[in-house]
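All residue numbers for the sequence shown refer to our numbering, where the first residue is 20 and numbers rise by one.
Hints listed in this document are in silico derivations from the structure and should not be mistaken for laboratory results.
Built from N, CA and C at the ideal position, the CB exists for glycine as well.
Treat each hint with caution, since some may be false.
As the list claims (entries may be wrong) - Pair ranges (Cβ atoms, derived): (1) S363 to E318: 18 to 28 angstroms; (2) E56 to N327: 39 to 49 angstroms; (3) Q268 to K231: 44 to 54 angstroms; (4) V57 to K244: 18 to 28 angstroms; (5) N82 to A350: 18 to 28 angstroms; (6) L376 to K78: 27 to 37 angstroms; (7) V57 to Q265: 25 to 35 angstroms; (8) G103 to D186: 20 to 30 angstroms; (9) D329 to Q25: 51 to 61 angstroms; (10) Q25 to H256: 51 to 61 angstroms; (11) N174 to E94: 42 to 52 angstroms; (12) Y107 to P342: 29 to 39 angstroms.
What the hints assert, rightly or not - BS3-like, lysine-lysine: derived pairs with alpha carbons at most 30 angstroms apart: (13) K167 to K251; (14) K167 to K341; (15) K147 to K65; (16) K65 to K122; (17) K167 to K78; (18) K91 to K72; (19) K72 to K167; (20) K222 to K177.
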Amino acid sequence: MYINKQISEKILTIGPDSRNHRGGIGAVIDIYSKNFEVFNFIPTYKVGPTLYKIYVFLKSLFNVLYILLRNKNIEIVHIHGSHGGSFYRKYICFVISKYLFNKKVLYHVHSSDYHLFYANSNRLIRSKIRKFINHADCLVCLSDWWKKFFEENFNPNKIATLANVIDYPIITEKHRDSEITRFLFLGIIDHRKGVYDLIEVIKNNMVFFENKIELIIGGNGETEKLQNLIKKYQIGHVVKFSGWIQKEQKIQYLQNTDIYILPSYNEGLPISILEAMSYGKPIISTYVGGIPEIVRNNENGFLISPGNLDQIEKSIKYFIEKPHDIEKFGAVSTKMVEKYFPDSVFLNLERIYLEILTG
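Work out the full structure: start from the sequences and follow the hints.
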């Protein structure tokens, strides 16, 4: 265990469901649960129908009140949050923890769109966002890019950068067994993740890509729209949609594909990129959020401008034409991702906890 009982029994973690998670925050909390000697956790969100989600949240508020009343060991409430509905749920938990029970609050922001959420909110919501960020005892962000954003727009009491944590990879010896270069995309199926840009590039270059590439897409969201486009463009022999990929299947894909591609328009610090890097994959992604801090152009992959189809095309073609660079770029990814493994991340998290506890 990386966070021992002496510290972990003083922490109450609040965030989305970690056991059946379908997102990066849940994945992070799942790893936390395995590395805290005592893990006090309340899920505020679970996947399901609307009424079920409301029930889960109301139950979580009752549990927050109950635990903070009964468990006198709790000193820090560690709130993992995002934007939109996540913000509103976590704001209520913040008010209860900070003002009703006088607990230290660590607000851990994972959102990819927090800057847009703040910019597009009305005056009242903006005031609540500022109150949450400025009155939390510590604001934790995912990268230097996000730290700069929060420092320039808010006045947090304390701000810390903490890398997203990933599990150690399960490596198997693999050799390329065909001339097909395999690309992998994992994430929400929507415009923000850039998946439709990928589809457009493949459709426009089918003559060149035929019998040279395979793109595996895994995720949930606008799945019907994606499948209709694959059928409409007659690219199903090149683009394979696998639906939501469970952990064991994801490991197999990470072991057996060559390049990970995520042409997003907004991001925090994507767990999927870090996981792909841990399996020694080159990355094709965009200059957004914390991605430029983990993807170095022409070293472990390529960074492109969001929505730039020409750059996506050139990046894909590069690995088709220079397959020997796949292993070279992947080796750089493997080296760069070491600081995102539990031994490094939890050492930093322990330091943050101790600083808050000692005030």
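Comparing the hints with the structure gives:
1. S363 to E318: 18 to 28 angstroms: With a Cβ separation near 21 angstroms, S363 and E318 satisfy 18 to 28 angstroms, so the hint holds.
2. E56 to N327: 39 to 49 angstroms: Hint holds: Cβ distance 47 angstroms, inside 39 to 49 angstroms.
3. Q268 to K231: 44 to 54 angstroms: violated, 25 angstroms
4. V57 to K244: 18 to 28 angstroms: The hint (18 to 28 angstroms, Cβ to Cβ) is violated, given that V57 and K244 are roughly 44 angstroms apart.
5. N82 to A350: 18 to 28 angstroms: violated, 46 angstroms
6. L376 to K78: 27 to 37 angstroms: holds, 29 angstroms
7. V57 to Q265: 25 to 35 angstroms: holds, 28 angstroms
8. G103 to D186: 20 to 30 angstroms: holds, 28 angstroms
9. D329 to Q25: 51 to 61 angstroms: Given range 51 to 61 angstroms: holds, Cβ gap about 55 angstroms.
10. Q25 to H256: 51 to 61 angstroms: holds, 57 angstroms
11. N174 to E94: 42 to 52 angstroms: Because 24 angstroms falls outside the window, the suggested range is violated.
12. Y107 to P342: 29 to 39 angstroms: This hint is violated: roughly 48 angstroms between Cβ atoms.
13. K167 to K251: violated, 43 angstroms
14. K167 to K341: Roughly 37 angstroms separates the two Cα atoms, so the pair is violated.
15. K147 to K65: Holds. K147 to K65 sits at ~24 angstroms (cutoff 30 angstroms).
16. K65 to K122: Holds, at about 25 angstroms.
17. K167 to K78: violated, 36 angstroms
18. K91 to K72: holds, 29 angstroms
19. K72 to K167: violated, 34 angstroms
20. K222 to K177: violated, 48 angstroms
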